[in-house]
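*Asks:* Using the sequences provided together with the hints, build the complete structure.
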Amino acid sequence: MSGEKEKPGPVEYGFETRAVHAGAQPDPVTGARATPIYQTTSYVFDDTEHAADLFNLSRFGFIYSRLGNPTVSVLEERVASLEDGRAGLAAASGHAAQFLTFFTLLEPGDEFIASRNLYGGSVTQFGLSFKRLGWTCRFVDPARPENFREALTPKTKAIFLEVLANPGGIVVDLEPVVEIAHEAGIPVIVDNTMASPYLCRPIEWGADIVIHSTTKYLSGHGNSMGGVIVESGKFDWRQGGKFPGMTEPDPAYHGLTFYETFGDFGFTTKARAVALRDFGPTMAPLNAFLTITGIETLALRMDRHVANAQKAAEFLEAHPAVDWVSYAGLASSPYHELAAKYLPNGPGATFTFGLEGGFDAGVRTVEACELFSHLANVGDTRSLIIHPASTTHRQLNEEQQIAAGAGPDVIRLSIGIENAGDILRDLDQALGAA
Amino acid sequence: MNLHYPDTSIRDILRRVKTIAMVGASPDWVRPSHFAMKYLQRKGYRVIPVNPRAAGDEILGEEVYGALADVPPTFEMVDVFRNPDAAGPVTDEAIEIASEKGIEVVWMQLGVVNREAAARAEAAGLSVVMDRCAKIEYGRLFGELGWSGVNSRIITAKRAPFGR
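Chains as they are written, first to last, in the numbering used here: chain A, 1 to 434; chain B, 435 to 598.
No wet-lab data here; the hints were simulated from the structure.
Small disclaimer: the values here were computed from a predicted structure and weren't measured.
All C-beta atoms, glycine included, are put in the ideal place defined by N, C-alpha and C.
Some hints here could point you the wrong way.
Here are some, though not all, of the chain B residues that point toward chain A, as calculated from beta-carbon distances under 10 Å [what the hints assert, rightly or not]:
(1) P461
(2) V464
(3) F469
(4) A470
(5) G545
(6) I570
(7) L579
(8) N585
(9) A594
*Replies:* Laid out in structure tokens, this is it:
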């Protein structure tokens with residue numbers, strides 16, 4: 001009604017408030033305050049016309065949980081809000097989110113450029129499996145932004161990077177890369193998994209699409225797989241016909257044109273309506289529920305993760321058995337300044353170090369840990385340890401491993417939120433055993 | 435572009451308006467205007483199509499008129515599905531007949547911005563919205579858009595509206 005008082009918009013609501021509330025209103029029917037787990041495959045239609053409108057995308061609503069589910073859509077909106085994006089789309093895993101993104105962007109024969117400092121699974125996905133679909137990824141050293149410009153070809157459709165790179169310690173200077181990409185008329189995609197939106201918000205620096213493995217810090221408790229795509233809503237997909245999938249009538253939808261019809265959330269709409277529909281890597285409602293619950297404490301957890309990681313990195317740097325530590329929170333790190341710029345709340349809690357004793361000492365240290373869990377994940381409440389060269393980065397050759405910061409002597413830690421003294425004590429005794 | 439409209443103004447427009455003249459409404463069901471028209475009809479608005487190329491035909495049960503001045507009933511809002519240049523003359527036509535037809539709002543669709551035309555309409559006492567879709571804004575403000583993963587920017591501890 002006119003005269004209604006202006007309700008405060010999201011601009012006034014802070015990150016921590018949105019982490020608890022965004023996307024989740026009390027249930028319209030029952031008033032349930034926590035988000036219900038809508039454990040259903042399908043949703044009734046009022047009549048055939050209602051069904052037809054939903055299938056044609058001419059009205060909003062749920063059809064079948066492969067395409068959308070009320071619990072999952074709360075997570076999608078929440079992550080979109082935390083990243084200051086326009087819209088989100090969840091998938092079964094971070095890898096599924098990446099596949100849906102590139103399927104929506106690329107045609108067979110297209111290329112994209114990726115930082116070589118990526119999660120090892122992404123290097124394999126991009127370099128090997130994508131190749132079989134006719135998509136070529138060119139890897140470059142991100143330390144020099146001009147390397148991205150030099151790798152551009154007329155077929156390049158995107159640039160992909162991790163600002164805070166896995167396995168740790170490296171920070172990529174995003175702003176000049178955004179400038180290079182936008183000059184070329186292509187979007188920048190950032191995998192923000194290692195930072196979480198509490199530590200870094202790539203869209204504020206000009207990124208166009210942000211991807212998460214929600215399995216890590218967002219869900220945060222090592223209990224649910226998931227991925228999310230967020231679009232900024234700011235990229236102009238016209239670009240002289242470079243992205244026909246966005247700007248030309250789509251035969252998969254009776255000639256509907258996604259960018260014209262859905263505007264600034266056209267990309268996630270297309271990724272949902274075509275890629276998710278036709279390939280099916282859907283997030284389960286229970287995983288969405290656990291991830292929503294995890295995100296409510298994201299700010300609290302990340303503060304503790306970062307504080308503990310800083311202490312662990314300083315302790316290791318001073319330890320006689322340790323050769324080097326790669327953590328951007330250390331004054332000795334070459335990425336210390338970039339971290340202060342892009343990650344003002346702290347450069348994450350996953351990092352690497354090398355032992356004087358090399359490969360064998362590394363293996364002994366991993367095996368001697370009592371509190372640290374030896375497993376292939378990061379971003380758990382629990383402290384984790386792994387030897388990347390023999391696990392997460394095993395599919396890479398030695399040259400690629402070294403380039404990715406995962407050489408034979410490297411140990412990766414994901415520092416948890418336990419008592420800091422207990423974390424240091426376990427590292428100390430394990431190093432003694434090595 | 436950075437056009438900013440407070441949620442309360444958009445919500446107020448969508449609550450106040452009952453009848454919309456849609457300029458550029460298309461009989462082709464995959465066009466955005468057709469989507470928006472059908473959606474807004476479902477939400478209780480009367481939407482009257484204006485399109486000289488389809489004048490005399492019918493779209494979604496409504497007769498199509500060739501010009502705004504030809505639309506018989508009064509209508510509070512003109513929804514412009516035309517390119518930014520064409521939005522100028524449409525706006526001037528709306529200003530011309532505003533008092534006769536009860537026009538209060540000129541709404542230019544997603545991607546349509548014509549600041550000169552907007553200034554003329556505002557000087558004539560009309561409200562102007564540019565670069566927004568009435569369907570999307572309705573969905574966002576009345577709780578449906580989050581179903582598509584869109585950041586509605588609404589934070590509230592009140593029960594969600596019960597919509598279908």
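*Asks:* Which of the numbered hints are not met once you compare them with the structure shown?
*Replies:* Checked against the structure, the only hint that fails is number 1, while the rest are satisfied.
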